[in-house]
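We have chain A; now place chain B onto it with these hints.
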Amino acid sequence: MMFDFPIASAPVLSQQWGYILLILFSVLWISLGIWWGRRAKSYDGFAVAGRNVGLALGTATAVATWITSNTTMLAPQFALQLGVWGALAYATASFGLFAFAPMSGRIRRLMPNGYTAVEFVRRRYGLLGTIPFLVISLFYAITWLISMSMAGGKLLYVLSGIPYEVGMTVVVLVCVLYTLFGGMYAVIGTDFIQSLIILVGLVVVAVAVLTQIDIADVHEKLAADRPMLLSVLFPAALMSLFNNMLFGFGEIFHSNVWWSRAFAMREGVGPKAYALGGMLWLPVPIVAGFLGLAAPALGIGVSQPDTVGPMVAATLLGWGGALLVFIVVFCSLASSIDSLLAATADLIVNDIVEPVLSKRTSDETKRRLSAYSIIGLGLLAWSIALPNVGTLATVLFFAGPMVGSCIWPIVGGLYSRRPSPTAAALAMILGSVAGLIAYFTIGWFVSSLVGAAVSGLVFGIMTWLSCEAFDFDTLAGPPKQTSATEVGGVS
Amino acid sequence: MIVFPVWFLQILVIGALVLCSAGVAALIVFLSSDSKNNRIW
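Sequence lines, in order, name chains A and B.
Residues in the first sequence are numbered consecutively from 1, following my numbering.
Residues in the second sequence are numbered consecutively from 1, following my numbering.
This is chain A alone, in the form it adopts within the complex (with noise of 0.2 Å):
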C-alpha cells in the first residue's frame, strides 16, 4: 500500500548495529538471488518464474509485496492521529487481493503467455487504450520506486543513524542485484522469507506490548485524553476510509506488480493465493496500528507521529526491540522494490521495446533487455532519491487518482465483451483530470473516489453508446513455442 510522509527522529539502533544488519541481509538477498537465478535460464524463468509458483510462495508474495515500509510505519501513525478508524481505514487496502483474487484467475486462464497488464490492455482495447494505460502505469511504478528508495534512506537514518546516501544507494544496490541475478524467483522466493520475518516481528513486538499493558487500560487512556481517537464517527478518518480503499484497488487492478504474479502462479493457484494474501494482510495495519493506540497509554512521548511504532518498540523490547523493527523495515521496503523493478522492467521489454522493434524479439535478447531496463531504472531511482527532495514524495499522491480512474476499463475489460476502447481511453483520460481537479480544489482523501466515480460513469456511458462484441480469445495471442529450459520446471 502507497503512502508517504517526512520523517525525522532521534535514532532507536545504534550505527554500529544499523551496518551490521544491513551487511548481513545485504549478502543473503544477493546470496539467494543468486541461488534462484540458476533457475531463471529463460525469459519465461526470469520473467514470470516459469508460470509454475505454488501455493504457499504465491500467497507470501503477496502478503510481502503489499506490506511495504509504510504499511509498518505508517499504520501506527494513522492509529495515533485518526485513531481506531485510522487503523481500519488502512486495512480496507486489503479489500483489493481480495477482490483482484477471481480476476488473477481469470487473467491467467485467458492470457496463458501473457506478462503483463500493458500487454492485456493493448490486446483488449488497441492502442487508444494503451497510451493512457501505459502512462498512468509508468507513472505510478517509478513514483512508487523513487518513494520506496527515499523511504528507505529515511528509514535507515531514523531508525540506526545510517547517512541517508549511504542507506538509500544499500537499499537501491542490493534489490537491483538480486532482481538482476534471479529475476522473478528471487523476488517470490525472497518474499516468502521477507513474510515471515514481517508476521513473527510484528506479532512479537504486539505480544511484548500487551505484557506491559492491557488493551481495557488503552481504552480507558485514549477515553479519558483522546476520546476521538475512539470516536464511531471521526469524521476525517471516515473521509478517509472509501477514499483508501479505492486507491488500493486502483493500486492492485491496474499495476504489473499483481498482473505478473498473477501470469507466475500455476493454473488454479493465483485466487486462492490473493484471497488468503488479503486475510494475511488484512491484521497487519490493525496491529501495528495498535502500537500508535497504546503509545499514549505507555506514556511514551512522540514528537514525529510517523515513528511511532518503532519507538513503543524499542521502548518496551529495548534493543531487541529496535533490531526487530530494522529488519522488519528492511525486509518491507526489500519486497516492494525487488517487486518494482521486476515488473516494470517487464513494462519496458514486452510494451515498448518489443512494439517498437516491430518483430518477435528471442528470449535471449528479452532476457538481456530485462537485465538493462532493471539496472536503469535502479539508476533513475537512485539518481532522483539521492538529493533526497521531500516535495519529490508527494509527487506519488497524483497517482491515487489516476490509478482510481484504472478501475472499470480493467474490470469491464476482463469480463465484457461490450467496453470499446474508446470508452477505456476517455474514462481513464477524463477520471484522471477530475481526480486531480479534486486533489487540488478539495483534498487527497477524495481524489481516488472523485476519479473513479467519472471514470465510472464515461466508461458505462460510452459503453451503452458504442457496444463492441470483442472476442476473448484473441488475448491469448500467438501460440509460444516452448523451448527445452521452460520444460518441467517444478522444484
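One should not assume that every hint holds.
[As the list claims (entries may be wrong)] SDA-like mimics (lysine to any residue), calculated; alpha carbons at most 25 Å apart, straight line:
(1) B:Lys-36 x B:Ala-22
(2) A:Lys-221 x B:Phe-8
(3) A:Lys-221 x B:Lys-36
[Unchecked claim] So, partial list: chain B residues that the calculated Cβ filter (under 7 Å) puts toward chain A:
(4) Phe-4
(5) Trp-7
(6) Ile-11
(7) Leu-12
(8) Leu-17
(9) Leu-19
(10) Ser-21
(11) Val-24
(12) Ala-25
(13) Leu-27
(14) Asp-34
(15) Arg-39
[To be verified] Just the calculated beta-carbon pair ranges, DEER-fashion:
(16) B:Val-29 x A:Gly-268: 17 to 23 Å
(17) B:Val-29 x A:Gln-81: 33 to 39 Å
(18) B:Ser-35 x A:Thr-365: 32 to 38 Å
(19) A:Phe-440 x B:Lys-36: 44 to 50 Å
(20) B:Lys-36 x A:Thr-211: 51 to 57 Å
(21) A:Pro-102 x B:Lys-36: 25 to 31 Å
If you are wondering where the hints come from, they were derived from the structure by calculation, not from laboratory data.
Just so we're clear, the structure is a prediction, and the values are computed from it rather than from any experiment.
In this text, a Cβ means the ideal position worked out from N, Cα and C, and glycines have one as well.
Same frame as chain A, but now just chain B:
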C-alpha cells in the same frame, strides 16, 4: 460522542494477532505441502 467499546478493541487487536500467527503457520504448512508434492515452483 459514541465511542468504540473496549470489547471491540479487544476483539480487533487479539483477532488481528491470532490472524497474523495463523498466517505464519499457514505459510509454513503450505510450503511443507508444496514441498512434499514437489510443487513449490
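Consistency of the hints with the structure:
1. With a CA separation close to 21 Å, the supplied pair Lys-36 (chain B) and Ala-22 (chain B) stays within the 25 Å bound.
2. The suggested pairing of Lys-221 (chain A) with Phe-8 (chain B) holds, with an alpha-carbon distance near 16 Å, which does not exceed 25 Å.
3. Of the pairs offered as hints, the one joining Lys-221 (chain A) and Lys-36 (chain B) is violated, with about 50 Å between alpha carbons and a cut-off of 25 Å exceeded.
4. Look at Phe-4 (chain B): its Cβ gets to within about 5 Å of chain A, closer than 7 Å, so that hint holds up.
5. The beta carbon of Trp-7 (chain B) is not positioned within 7 Å of any beta carbon in chain A (closest approach about 9 Å), and the interface hint is therefore violated.
6. About 10 Å separates the beta-carbon of Ile-11 (chain B) from the nearest beta-carbon of chain A, more than 7 Å, and the hint is not met.
7. Given hint, Leu-12 (chain B) at the interface with chain A, holds; its Cβ is 6 Å from that chain's nearest Cβ, closer than 7 Å.
8. The interface hint given for Leu-17 (chain B) is met, as the beta carbon of that residue sits about 6 Å from the closest beta carbon of chain A, less than 7 Å.
9. The beta carbon of Leu-19 (chain B) is positioned within 7 Å of a beta carbon in chain A (closest approach about 4 Å), and the interface hint is therefore held.
10. Restraint check, Ser-21 (chain B) versus chain A: the minimum CB separation of about 6 Å is within 7 Å; hint holds.
11. The interface hint given for Val-24 (chain B) holds, since its Cβ lies 5 Å from the closest Cβ of chain A, which is under the 7 Å cut-off.
12. A hinted interface residue such as Ala-25 (chain B) counts as satisfied when its beta carbon comes closer than 7 Å to some beta carbon of chain A; here the least separation is about 10 Å, so the hint is violated.
13. Proximity of Leu-27 (chain B) to chain A holds as hinted, the smallest CB-CB distance being about 6 Å (cut-off 7 Å).
14. Nearest Cβ of chain A to the Cβ of Asp-34 (chain B): about 4 Å, under the 7 Å cut. The hint holds.
15. Checking Arg-39 (chain B) against chain A by beta carbon gives a least distance of about 5 Å; that is within 7 Å, so the hint holds.
16. Distance hint check: the CB atoms of Val-29 (chain B) and Gly-268 (chain A) are about 18 Å apart, consistent with the given range 17 to 23 Å.
17. The given range of 33 to 39 Å is respected by Val-29 (chain B) and Gln-81 (chain A), whose C-beta atoms sit roughly 38 Å from each other.
18. For the pair Ser-35 (chain B) and Thr-365 (chain A), the beta carbons lie near 35 Å from each other, so the given range of 32 to 38 Å is met.
19. Remark: the range hint 44 to 50 Å for Phe-440 (chain A) to Lys-36 (chain B) is contradicted by a beta-carbon distance near 56 Å.
20. Separation of Lys-36 (chain B) from Thr-211 (chain A) is about 37 Å and departs from the stated range, judged on CB atoms against 51 to 57 Å.
21. A hinted range of 25 to 31 Å for the beta carbons of Pro-102 (chain A) and Lys-36 (chain B) is consistent with their spacing of about 28 Å.
Going through the hint list in order, the structure does not satisfy hints 3, 5, 6, 12, 19 and 20.
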